[in-house]
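Chemist: Make the full structure from the sequences, and use the hints.
Here are the chains, one letter per residue:
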Amino acid sequence: MRESEDELRALMIAGLAGDARAHQTLLAALARLLQSFFQRRHRDAADVEDLVQDTLIAIHTRRSTYDPARPVTAWIYAIARYKLIDHLRRRRLDTSIEGLEEILAVEGFEAATSARMDVDRMLDTLPAKQAAAIRDTRLDGLSVAEAAEQRGISQSDVKISVHRGLKALAARLKGRR
Amino acid sequence: MQTEELIRKLSSDLQPVPPRAIERRLGGAVTVGVLVTLALVIAGLGLRPDLAVAITGGMFWLKLGYTASIGLGALGLTAQLARPETSRIAPLKWLLIPIALLTAVALAQLLEMPPAGWGHLWMGRSWKLCPILIFGLAIPIYLGLIVAFRRFAPSRLAATGAVAGLASGGLAAAIYCLHCPEASALFVLTWYTLGMALAALAGALAGTRLLRW
Numbered sequence: 582m583r584e585s586e587d588e589l590r591a592l593m594i595a596g597l598a599g600d601a602r603a604h605q606t607l608l609a610a611l612a613r614l615l616q617s618f619f620q621r622r623h624r625d626a627a628d629v630e631d632l633v634q635d636t637l638i639a640i641h642t643r644r645s646t647y648d649p650a651r652p653v654t655a656w657i658y659a660i661a662r663y664k665l666i667d668h669l670r671r672r673r674l675d676t677s678i679e680g681l682e683e684i685l686a687v688e689g690f691e692a693a694t695s696a697r698m699d700v701d702r703m704l705d706t707l708p709a710k711q712a713a714a715i716r717d718t719r720l721d722g723l724s725v726a727e728a729a730e731q732r733g734i735s736q737s738d739v740k741i742s743v744h745r746g747l748k749a750l751a752a753r754l755k756g757r758r
Numbered sequence: 002m003q004t005e006e007l008i009r010k011l012s013s014d015l016q017p018v019p020p021r022a023i024e025r026r027l028g029g030a031v032t033v034g035v036l037v038t039l040a041l042v043i044a045g046l047g048l049r050p051d052l053a054v055a056i057t058g059g060m061f062w063l064k065l066g067y068t069a070s071i072g073l074g075a076l077g078l079t080a081q082l083a084r085p086e087t088s089r090i091a092p093l094k095w096l097l098i099p100i101a102l103l104t105a106v107a108l109a110q111l112l113e114m115p116p117a118g119w120g121h122l123w124m125g126r127s128w129k130l131c132p133i134l135i136f137g138l139a140i141p142i143y144l145g146l147i148v149a150f151r152r153f154a155p156s157r158l159a160a161t162g163a164v165a166g167l168a169s170g171g172l173a174a175a176i177y178c179l180h181c182p183e184a185s186a187l188f189v190l191t192w193y194t195l196g197m198a199l200a201a202l203a204g205a206l207a208g209t210r211l212l213r214w
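The listed protein sequences derive, respectively, from chains G and V.
Using my numbering, the letters of the first sequence map in sequence onto residues 582 to 758.
Using my numbering, the letters of the second sequence map in sequence onto residues 2 to 214.
Note that these hints are calculated values from the structure, not bench results.
Among the clues, some could well be false.
To be verified - If you only want the chain G side, here are some residues facing chain V, beta carbon under 7 Å, derived:
| # | residue |
| --- | --- |
| 1 | S585 |
| 2 | A601 |
| 3 | A655 |
| 4 | H744 |
| 5 | R745 |
Said to hold, decoys possible - Which residues of chain V face chain G? A few of them, derived with a C-beta cut under 8 Å, are:
| # | residue |
| --- | --- |
| 6 | T4 |
| 7 | Q16 |
| 8 | A22 |
| 9 | W62 |
| 10 | A80 |
| 11 | R84 |
As the structure is a prediction and not an experimental result, all values here were calculated from the model.
Each residue gets a CB set at the ideal place from its N, CA and C atoms; glycine is no exception.
Modeler: Take a look at the structure:
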């Protein structure tokens with residue numbers, strides 16, 4: 582029972598016009614969406630609940646930054662991603678020496694971030710659609726269904742784009758050697 | 002369940018959001034900041050005594066055009082970065098246009114002047130004060146932008162801070178033109194640009210703290 586991009590966008594636009602019921606339905610749907618988004622990226626259940634609520638509040642108070650001409654899921658995931666990164670940063674500042682493993686885990690996150698810059702450079706050489714599909718499903722951890730919703734294309738389209746993009750990248754890497 | 006209660010609270014008393022809400026909020030904040038800076042220039046520094054004559058000449062408008070175009074261009078970018086999904090900053094290539102135009106005028110002025118006068122074209126009378134004053138005058142506008150951003154959702158904090166700083170610096174420099182009597186393009190190219198760049202740098206540094214949400 583996952584709402585599609587079109588449904589979410591319609592609710593969002595109605596909420597912006599002042600429809601409180603549409604807004605409430607939207608937030609409830611997003612609570613489920615965010616729950617699974619954060620669960621897949623974070624282990625601590627209490628943290629996940631905090632993140633969901635924090636993100637819902639941000640979505641509500643900053644709803645004027647949504648541009649109705651753009652996909653609403655992209656806007657929502659951008660806010661969720663910001664909240665997750667902010668959470669991890671804060672965590673690192675607050676952690677004492679005892680939580681060393683956690684610090685190391687976050688350091689790994691930083692290393693992954695800089696590795697990602699190289700990946701971004703490689704993806705830029707692909708057609709935009711293939712690059713976007715790989716970014717969504719392989720880097721940002723969206724499911725094929727989520728990626729399809731966000732970009733407004735079919736699921737098989739996403740799969741094919743990922744497949745072709747990875748194949749092109751592999752061919753390019755071989756050629757470079 | 003707590004989340005459900007939160008949702009109910011958030012949805013009660015829902016205010017409609019007018020279209021172009023970002024532009025309105027940003028516009029209001031910039032207007033207040035610009036008025037404060039304008040008051041500081043008029044009351045604190047004073048208008049240049051020859052203002053009435055200066056506005057009939059090209060140099061006054063060249064200075065104003067250079068600084069205002071940078072300020073307004075950066076303000077447009079700032080508005081884009083208010084949205085969280087803006088992950089890449091639009092290229093700053095457009096900045097080269099005003100800089101290139103002013104450089105051309107500066108070269109023309111240099112060629113007209115014997116080399117003995119080049120030092121004066123570059124340093125003018127106020128090179129020490131000019132960048133500092135522009136930087137200081139940018140602060141009220143920058144703070145206005147920061148207040149506006151309390152309802153926005155920037156995801157690139159340093160970049161947002163930098164373009165907000167550049168916008169403040171550009172607009173502050175444009176207002177500073179009402180005070181500053183320097184008439185050399187090379188002077189503006191060096192010291193005005195330095196003041197705006199300082200504002201952008203400080204804006205980036207402060208932005209990573211002030212823009213968090």
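Chemist: Would you mind marking each hint as holding or not holding in the structure?
Modeler: Verification of the supplied hints:
Residue-level restraint check for S585/G is violated (minimum Cβ-Cβ distance to chain V is 18 Å; threshold 7 Å). Interface hint status for A601/G: upheld, as the beta-carbon distance to the closest one in chain V is roughly 4 Å, under 7 Å. The criterion of a C-beta within 7 Å of any C-beta in chain V is met by A655/G, whose closest approach is roughly 5 Å, and the hint holds. Because the beta carbon of H744/G sits about 25 Å from the nearest beta carbon in chain V, more than 7 Å, this interface hint is broken.
Annotation: R745/G was flagged as interfacial toward chain V, and the flag is violated, the nearest CB pair being 24 Å apart, outside 7 Å. For T4/V, the interface hint holds, the least distance from its beta-carbon to any beta-carbon of chain G being 5 Å, beneath 8 Å. Nearest Cβ of chain G to the Cβ of Q16/V: about 7 Å, under the 8 Å cut. The hint holds. Given the 8 Å rule on beta carbons, the hint for A22/V holds: about 4 Å separates it from the nearest Cβ of chain G.
About 35 Å separates the beta-carbon of W62/V from the nearest beta-carbon of chain G, more than 8 Å, and the hint is not met. Evaluation of the A80/V hint against chain G yields a violated restraint, the C-beta minimum of about 10 Å exceeding 8 Å. With a cut of 8 Å, the hint placing R84/V at the interface with chain G holds, because the nearest CB-to-CB distance is about 5 Å.
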